[in-house]
Amino acid sequence: MPSIIPALEWIEGLPWTTAIRESAWGYPIIETAHVASIVAFTGLVIMMDLRLVGLAFTHAPLTQIQRRLFPWQMAGLVPSTATGLLLCCVDPLRYYGNVFFRVKLVLLALAGVNALAFHLRTYRTARRWEDDPRVTSTARLAGAVSLLLWSAIIVSGRLIASNWFN
Amino acid sequence: MKTGIVLALLAAGALCAGQPALAHHPFAAEYDVNEPVTLTGTLARMEWVNPHGWIFIDVKQPDGTITQWTVETSGPGQMSRRGLKKTDTVDGMSLVIKGYQSRNKPTLANGRTLVLADGRSFYVGAVGGPNDGADR
Amino acid sequence: MLPFLEWCEGLAVSQAYRESLWLFTLTQSLHLVAITTFIGAILIVDLRLLGWGPVRQSRAGMARSAQRILLWAGLAVLATGIPQFTANALSYPRSPVFVVKMCLLAAALVFTATVRRRVALADEGGLPSWVPRAVGAVSLALWMGVTIGGRLIAFYG
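Protein chains in written order, with our numbering: chain V, 2 to 167; chain Y, 519 to 654; chain F, -5 to 151.
Hints are computed from structural coordinates only; laboratory data are not their basis. Note that the coordinates shown come from a computational prediction; the quantities given were computed from them, not determined experimentally. We put the CB at the ideal spot given by N, CA and C, even for glycine. There could be a bad hint or two in this list.
Chain V is faced by these chain Y residues, among others (derived, beta-carbon under 8 Å) [claimed, not checked]:
| hint | residue |
| --- | --- |
| 1 | Trp566 |
| 2 | Val567 |
| 3 | Asn568 |
| 4 | Pro594 |
| 5 | Gly595 |
| 6 | Ser598 |
Label pairs and their in silico Cβ distance ranges [as the list claims (entries may be wrong)]:
| hint | chain 1 | residue 1 | chain 2 | residue 2 | range |
| --- | --- | --- | --- | --- | --- |
| 7 | F | Phe(-2) | Y | Val614 | 27 to 37 Å |
| 8 | V | Gly55 | F | Ala116 | 40 to 50 Å |
| 9 | F | Ala116 | V | Ala25 | 38 to 48 Å |
| 10 | Y | Pro624 | F | Trp46 | 50 to 60 Å |
| 11 | F | Arg112 | V | Ala25 | 36 to 46 Å |
| 12 | V | Arg103 | Y | Thr585 | 26 to 36 Å |
| 13 | F | Trp16 | V | Arg103 | 37 to 47 Å |
Same shape as in the complex, but just chain V (with noise of 0.2 Å):
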């Protein structure tokens, strides 16, 4: 399989990824850009699964936190991505190296999985559980199945800044 190694040397040459990177203001904005609205998408995740697993909100059918909660996460979920991604760019071959930031995009794909199984089975039946306070058993499960994976997202997010085992 062929080295990804010198794609992402390109990448790290390019004028604009190192003109961030070595930017008094653009790397800072980016990166606070980053995190601030990592924990706005990530809060509200948490608040939708405190339902879920039946901690909180327990007098709103799951269907309205859920349907109305969503636009909101994506409108956090769209500049975390944006923003990880230029982070990425603009120092491909550190975080290429860092197994803090290898286990984070696995654990994003696993909580992409999660989220995926539960809207495409467990939500379709929705309505017959989607009032009682304690919802079915295999939603509770996604429910803290998602604040795991969430919770050690963000973890390992900031174990990438320890330069740990590098």
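Dock chains Y and F against the given chain V, drawing on the hints supplied.
For chains Y and F alone, kept in the frame of chain V given last:
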């Protein structure tokens, strides 16, 4: 009464909420506060990059050989706010760096103070570290 | 003030925290998750105040549920924040960005515990419609300001 308790709790919690960004990496995990170093040498090169800059300094050993040290500094934003300009750090110039040695790598240090040949000194430490800012 | 901060740095827990890698990592990880949860609970009610989010639900009901989360998450932020604060207590007075951020934080807390709380728990018909919207907007601005300011400290000391 209940609101009072809530306010007090949250206020106290908020006091502590500022810390994560300051304790950016665990300084103590990578660098040894008990191993301060002063490096005198010539600048091989300096990388003015985010999130941390890097100074590569050639230090002449007592036996005549040259050892290159790598010194971690703050990013370009902080440097320029402290008055250090990219034009101030010219390859080949003499300089003195004070900092703390890495625990794991013998020629890696966390930079605190940079002294240029013309005598001007700058705090180059990243936020977070012993007596942070005391050695400005 | 200074003697108090020096005392903080001298505590056994501060020493342990500065020296131990796993302790730092554990408390900071919990701290970040607690902050995210806290902000989530703020956002869900702010969205509701602004007329977005789960609108068919009673606003007071949402706010009461969110308030429980704010208290628990806030407690977690406090508990995990204390060792981080005391370990580097002396660095605080030297950071202008930090001082600004703390003022914003104080304003956000006071606002949330007083005006916002009253409006969020009030009967929905009882207030002119611009009031909850204004309160939601101010709350959003303050808390996102705190989040952004908190992160900027790392870049601008």
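Results of checking the hints against the structure:
no.	hint	verdict
1	Trp566	holds, 5 Å
2	Val567	holds, 5 Å
3	Asn568	holds, 4 Å
4	Pro594	holds, 5 Å
5	Gly595	holds, 4 Å
6	Ser598	holds, 5 Å
7	Phe(-2)/F with Val614/Y: 27 to 37 Å	holds, 35 Å
8	Gly55/V with Ala116/F: 40 to 50 Å	violated, 27 Å
9	Ala116/F with Ala25/V: 38 to 48 Å	holds, 46 Å
10	Pro624/Y with Trp46/F: 50 to 60 Å	holds, 57 Å
11	Arg112/F with Ala25/V: 36 to 46 Å	holds, 43 Å
12	Arg103/V with Thr585/Y: 26 to 36 Å	holds, 33 Å
13	Trp16/F with Arg103/V: 37 to 47 Å	violated, 21 Å
The earlier numbered hints that this structure contradicts are 8 and 13.
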